[in-house]
Structures are given as structure tokens and as C-alpha cells.
Amino acid sequence: MGLPINKEHLKLGLRYIENKDFIYNLKVVRRTDMRVVHYLNQFFGGIGGEEFASTGVSSQEGAIGPGRLLQQLIDGESEVVNTIICGDNYAAENLDEITDFVVNSVREAKADLFVAGPCFEAGRYGVAAGAICAAVSAQVGIPVVTAMAEENPGVDLFRQEIYIIDSGANVGAMSEVLEKMAKILNKLKNHQEIGHPEEEGYIAQGIVRDEILEENAATRILDMIIAKTAGKSYKSELTQTAFEPIPAPPAVSDLTNATIAVVTDGGLVPKGNPDNMPPIAAEIWGSYDIASLDDLQSGDYDVQHRGYDNRHVLDDPDRLVPVDVLRELEEAGAIGKVYEEFLSTSGLANPIANSRRLGQEMAKKLKSAGVDAVILTST
Amino acid sequence: MKNLTSLITGFTKFALKPFNTRFKQLFENDPSIDRGYQVDITCVNEGGLAPMEATMELEIINHDIDNMVFGDSTVLSGKELAIDHDGLKEYLLEDRRLQDIDIQIAKPGESCRIGVVFDIIEPRAKEAGSGSDFPGLLGPFAVAGQGSTHVLRGSAVTVIDPSAVPGITSKVLEMQGEPASASPYGNLHHLVLSPKVLDDSPRHVVQNVLRMLSVKAAVYLGNAAQGKKSDQVEIYSQNENDNESREGIPRIAYIAQIHGHQMTVEEDEPILYGSNTEGMMPILLNPNEILDGALVASYWVMRVETYFYQNHPLIKELLSRHQSKEITFTGVIATVAASKETDRNRNCMLAASMAKSTLKADGVVLTKYGGGAPHVDMGETARLCEAMGMPTVVQVSDSSGDRKAESAMLFNYPEVDAVVYGGGGDTGWDVGTPERVIAGTPGVAKTLKDMKYIEGAALCGITNQQGASKIRATVY
Chain A
1 MGLPINKEHL KLGLRYIENK DFIYNLKVVR RTDMRVVHYL NQFFGGIGGE EFASTGVSSQ
61 EGAIGPGRLL QQLIDGESEV VNTIICGDNY AAENLDEITD FVVNSVREAK ADLFVAGPCF
121 EAGRYGVAAG AICAAVSAQV GIPVVTAMAE ENPGVDLFRQ EIYIIDSGAN VGAMSEVLEK
181 MAKILNKLKN HQEIGHPEEE GYIAQGIVRD EILEENAATR ILDMIIAKTA GKSYKSELTQ
241 TAFEPIPAPP AVSDLTNATI AVVTDGGLVP KGNPDNMPPI AAEIWGSYDI ASLDDLQSGD
301 YDVQHRGYDN RHVLDDPDRL VPVDVLRELE EAGAIGKVYE EFLSTSGLAN PIANSRRLGQ
361 EMAKKLKSAG VDAVILTST
Chain B
380 MKNLTSLITG FTKFALKPFN TRFKQLFEND PSIDRGYQVD ITCVNEGGLA PMEATMELEI
440 INHDIDNMVF GDSTVLSGKE LAIDHDGLKE YLLEDRRLQD IDIQIAKPGE SCRIGVVFDI
500 IEPRAKEAGS GSDFPGLLGP FAVAGQGSTH VLRGSAVTVI DPSAVPGITS KVLEMQGEPA
560 SASPYGNLHH LVLSPKVLDD SPRHVVQNVL RMLSVKAAVY LGNAAQGKKS DQVEIYSQNE
620 NDNESREGIP RIAYIAQIHG HQMTVEEDEP ILYGSNTEGM MPILLNPNEI LDGALVASYW
680 VMRVETYFYQ NHPLIKELLS RHQSKEITFT GVIATVAASK ETDRNRNCML AASMAKSTLK
740 ADGVVLTKYG GGAPHVDMGE TARLCEAMGM PTVVQVSDSS GDRKAESAML FNYPEVDAVV
800 YGGGGDTGWD VGTPERVIAG TPGVAKTLKD MKYIEGAALC GITNQQGASK IRATVY
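Top to bottom, those sequences are chains A and B. Heads up: the first sequence at position 110 corresponds to 110 in my numbering, and the numbers run straight through without jumps. Heads up: the second sequence at position 269 corresponds to 648 in my numbering, and the numbers run straight through without jumps.
Certain hints may be false.
[As the list claims (entries may be wrong)] Below, in silico cross-link-like pairs of lysine to any residue (SDA-like), each with a Cα-Cα straight-line distance of 20 Å or less:
hint, chain 1, residue 1, chain 2, residue 2
1, B, 704, A, 230
2, B, 704, A, 223
3, A, 232, B, 783
4, B, 719, A, 318
5, B, 783, A, 318
[Said to hold, decoys possible] So the derived label-pair ranges between C-beta atoms look like this:
hint, chain 1, residue 1, chain 2, residue 2, range
6, A, 375, B, 473, 52 to 58 Å
7, A, 171, B, 704, 46 to 52 Å
8, A, 215, B, 424, 38 to 44 Å
Hints are computed from structural coordinates only; laboratory data are not their basis. Cβ atoms here follow ideal geometry from the backbone N, Cα and C, with glycine treated the same way.
Given the sequences, and given the hints that come with them, work out the whole structure.
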């Protein structure tokens, strides 16, 4: 399976027709004759430029524009059976509708592969292509590919989920881009391993994999510092991920009437760990009643977190969740009220996506409970 | 504790030879002293401190070992090291905090699994009269990194932690197959010490016992090479630093975290010249000092063994590039990752300014210790160095639990843009049942025996953070 079979192979195969293994292979190869569905915007679909950007979605049999070359580049007897075209504005404004439409079309066409673009720098096109590819991949489960310039906003949104070929900004590079798209599709459909982004021409998905090298880290450190101090080019083994800045919320205008909650990622849980909080990369958070407590007692709590020396917290849990001091402030009228529960999770080595979800869930609960401000304690 | 303090104060007034014996006798005669605070005093300077040599030159005399056996006495003959099992045992049991100790030999290629490892040390001893073994910890204070040191290359003293908990597989040594070839420890002859410490000893006492016996055994073996010649001699000297011919060659400093205060250090936890590094601010070290016994691994370690300090891959690389005049290696600034913000800021500021003003570095390389949090100290120091005009390279460990690059970094400074990325998160090997397991307890032995798969991070020597690892995490 996976080898391209041509007519010579078929002739040869007739001599071995008795061989069941070969018949099996033959069947598999027949099935991999590729039916491709292709998504284009109004411009590449031949409808027109920006003035046609509000054109709704339509579907045509056969290949259009870039699809013609694409179907020749994919191995085997591949064919673009259906081309879906949609205006950029319409797609941007009706993304869910377009996505459903494309997913249904792909299913009806019994497509083996799905391609969107290339989109180059066109932002609305890129975002739509990315969203549609991600949906087809997730819902239909067939190989998908698109292509964009690295600056395209579709890249940051979908690079982790799908393969996005780096098309650059130059539309003149169309045929090279299509070649790379076809190459990666061929590998995907044959379940071959996809190589490093630089070899394959796709934009890094941000997935970490180990490689065993000849040179140890020390050699690489020295090579890099020598190049860097000499002003020569060097290649970092990890580039920083850009994160959206999170604006600080406005100050609490009146603390004397505010309800204050404590949230910690230091893993404080009641003795016995009732929610089975894991001590590393917790996927859950807990909320624990402190309504009747003025002071957290040693012995009533455990710490589920392996990343810091938690003896001080076990000695006095108020050092992590400062109920004692908050009660004093409450008493003195400096703050309105201490929220009746504290929220806790284990932040140790917690992946970003997971942390984001935990934070959102906690914020939602506290917001709906009327909490005005939160003290976050981290370890 | 009060008793002990008054005892020591009183004791120093009549400090007579032999200090060590007398101190022990006092303990023996005073049952009121909590056994947990007993200290194995070995580092004694008689007649005051010795001045440093005029030049910092270290001669490493390598003696290759290709066989390790038990014999009537501890002798190095050719490449075979014979060890007097009973003699060594008796010597180690002088530490009265020990109940018993099991001593075994594990050879490369043997179907043998060992764990949980407390530390691995290369057997070494200073040539008599030319310095002190593990000064400040075992031997008297003396600046390490000078004189001659015998090294039994190809062998190791490996100490098992008797307090390890069954069910957790970490710090394992595998002597056979792929994991053995992947680890720098797989091809060594190990003298494996599995001690039993007195019942109910506090954890820090257990750890102190392990630390002391590890260095004692390493020197005990190393002494077998006393007076012996070898044609495998390395000279570590940086006197070329003063040479004018180094003009135009970039001056590179190394800012090395030697500990991380993520975990509180113990009073009796020797790390640097016997110091537990509490309250430590950045200090300048000659690289030879680290190679020659000034530094041992702390009790709470991740991905480092003392063996790596003795053969520090990054220091050796810096020295080698110094030799080839690609760089001028200006020295090591040893620092610790802090647990308090004020300590962090102070340490980062002083380390960076020391690189700039004292070492006049053109560039700085940085490594970290321990787990996640020390990345922050390293990142901040590197950012400061960059801001002071010193380009940097840092080695980070992959922190992405979900194998996503977005979760990989624990600092985010655009200036710190040259990163060597150590991996290990998805490297591992299927393993079979070994014929022999050396462990501290039957429970741990069962855990080790039943292992079907060994993760790179659980195997000693694979995911080292000081330049040794060959595993790179690559972003796809």
C-alpha cells in the first residue's frame, strides 16, 4: 500500500492474479484513486475581485483555476471533482454556514482529500480556508491542506490543527506552492511521516518532538554564541510563541464594598484531596468552603503540587490562601466581603491550553457569583 | 539543637588533634543529643588555610578502567580495579548513622537495573600533597582545580537512595541495551552502594549520610591510583588569558546555576565547597574548581549527577574552544535560582553585572538547574546581559506537558533569542525484565523489575541540562 501503481504494474499484476495478497493490494490501490474537493475565493475562482467579495457560496463540478494543476500533481488518478467558491466577505460574515456547506459537499462528493487556497496574504480568505480545513479534518477525517503567507491571520488561528504550506506573499509562486501542497497531501494519504517544516515547506505547527543528535547541547551552545557574538546568523532551536497581551482590568473603585475571592495554583486542597487533584498539570480545579473559617489550620489541608517546597504551606495554609488576613481586613471594613470559597488547582507544568480553560472556567464561576476582585497566589 | 550549639562552642575552645575522633566521642558520650543532628565532621583544616598556587593549573591523570572486581585489597593493576569489599565497608560504616551497607559491582552490558539513584560520582583522588578531595565537604579547605588529580576513567560510584518510594520510576540506571548506550553511564563499571541508615532518621540526615559516603567511596577508590603514572594526562590551564594574541577573540562568560531554591536547602546539605548555598549571591569561579570537586549535586536534583560536574560538558567545551582560540573563556559565575523575588532580582543583577564589569564579557552562555521555575531566573539574567550589550545563548528544558511549543517556554523575552532546546519528553525505550536489580528496598526492586518501558527523563544522564544531552526538542 502506498506505492503509486501505474499501468505497467497492472499488467505485471495479472501474472500474479492468483496471489491473494496482491489482489488485496490491488483493491487498496484502486480505492486510493483520489477524489479531491477544492475551496477557492471569488478571485481565484474566476468570479472577480474585491467588488465580488460579497458573492455567496456556490459549487461547481470539476477543477477551476489552481485546481487544474493541483489534480495533476497529486499521485495516482486524482481528480478535483468539485470546486466550492465563495466571496471573501460573505465567508467572513457567514463562516459557520460556509463551513457546514463545505463539510456536507465533501461528504456528498465522497472526497478523499480536501484543499483550500492557496490564499497568500489574503486575510479573510486565509481565515476561512483555515477554519474550513480544520472542520473538514475534524468532522470528515480526510487529509486537508491549505497554503498562506506567514503573516496571514489564518496562520496563528489554525497552524496547530492543520498543515499550512508557507506560500509567501507572491502569487507568481503558485505552481511551486501547489507542488508543495500536493507533496504533503500525497504523504498524508499514504500515511507517511511528515518531515520537518523546513523540508516540507509548511508552517511549523508548534508540536514538540525529540530528536537524537550527534552533537551535544554544549557544542550547539558554543556554535551559537560564537556566531551571535560575531554578528553572524544563527538559528535558535526554539522561537518564542507570541501571546496576545492581556490588558490589566480596571482598578476596583470601592474595595469597602467589594467581594474578594482567592484563587491559587499552588494546589491547596482539603485533607484527603476529595476531588483527586493531580499534583502535576491538573486538568481540574476545586472550590472549597471557607465561609465559616477565620484561619486555615495546619492538618486540615494537603498540597497537590510537586514543584515547590510546600512545607511552609502545610505548616500554615494561610500562607498560600490568606484567609486570616482577609478576615481582619473584612472585620476592619477595608474590604466588603471574603468570597465563601477559595478556588485551587495545581499549576505545575500545566500546558497553556489547559491553563486557559481552567482560568476561563474559574472566572466564569466567580463572575456569576458576583465576585468583584480576585487575589491570585502562585507558587 | 541547643545542646549541640553549646557543645560546638565549648568544643572549639579545646580543639586538639585528632579533632574528628574527639568530636565523635563527645557525641557517643552524650545521649541527650538528637541523633538527627549528628554531623559527620570530616573537613578539618589543621594549621590554617593554605595559600592558592600561583597559577591555576589542573593536571587530570586518567587511568582507564576496563574491569572492576572484589579482591583482598584495593589495587589498580593495569586496567583492572580490585576493591577490598570488607575494608571499604568497614571504612564507610565508621559513620555511625549507618546501619549497614550493601556493596555490589555492576558491569557494562550486564542484565542489571539500578535505582533509585541518589548520585553518581567518578572515583577520583588528589595526588598526595597536591590538594584536597572535595574540599570543604570531605577534605580540608583548599582551592580546588590545582595540582594533580587521579581519575579512574570508565568507573563510577553509584549510591542508591534507601528512602525512594515504590511505584515511581525515576533516576534509573540500565546496564544493557539501547538505554545503556544512550546514557553516558551505561558503559561504566559501577560500584553500587546501597546503604541502610538508622531507623527513623530524618530525611536530611539520610541524605547527608548518602552524600558523605558517596564522596568517601569515590576518593577511597581514587586513592588506588596514588603515585601511578598514566599517558592519558589532560592539563587544564587558562593562563593564556593574559596573552595579547587573544585580541579580537570574543570573551565568553558562563553563568551557571548550581542550585535552585525551589526546594529549601537543608542545614547539612553540602553543595559548593560544603556550603548549602543558602543566601548565596553570584560568585566567580575558575572552571577548574567545578571540574575538581568544589561542586557536588544537591539533595534535590533534576537531571544532574556529580559525575557531570566532574566532567562538565559545557565547561569542557568552553575550555576546548578557548584552546582553539575561537573564544576566550573568561570564567564561571556560579549562581542559584531563587525562591523569593528579591533574591531573584539581586542574583540576576549581580550575575549580569559581574559578567560585564569584572569579566568584561562579549557574550554569555547560561544554563539552569532543577525544574521549571529556575528558567525565570536564567531568562531574566540573559535579558539583562543582552541589555548590557552581551549577546547570550541559553539552554532550556522542554516544559511542554502537552508537547506544544506554546507551553514550552517559561519566560518570554524577545531579546533572549538564541535558545538551545533540550528534549527528552517523548524519548524512551521498551525494556525487558533484568536478571539483577539493585535497589534500596524490595518494593522499589519490584517496581524496577516490572518496568516495561523506560522514559528518557527517568534514566540517569539522558536529559542533562548543563550541555551533555544529545536529545534536542524540535518544533514541528
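Quick rundown of the hints versus the structure:
{"no.": "1", "hint": "B:704 with A:230", "result": "holds (14 Å)"}
{"no.": "2", "hint": "B:704 with A:223", "result": "holds (13 Å)"}
{"no.": "3", "hint": "A:232 with B:783", "result": "violated (29 Å)"}
{"no.": "4", "hint": "B:719 with A:318", "result": "holds (18 Å)"}
{"no.": "5", "hint": "B:783 with A:318", "result": "violated (35 Å)"}
{"no.": "6", "hint": "A:375 with B:473: 52 to 58 Å", "result": "holds (53 Å)"}
{"no.": "7", "hint": "A:171 with B:704: 46 to 52 Å", "result": "holds (50 Å)"}
{"no.": "8", "hint": "A:215 with B:424: 38 to 44 Å", "result": "holds (43 Å)"}
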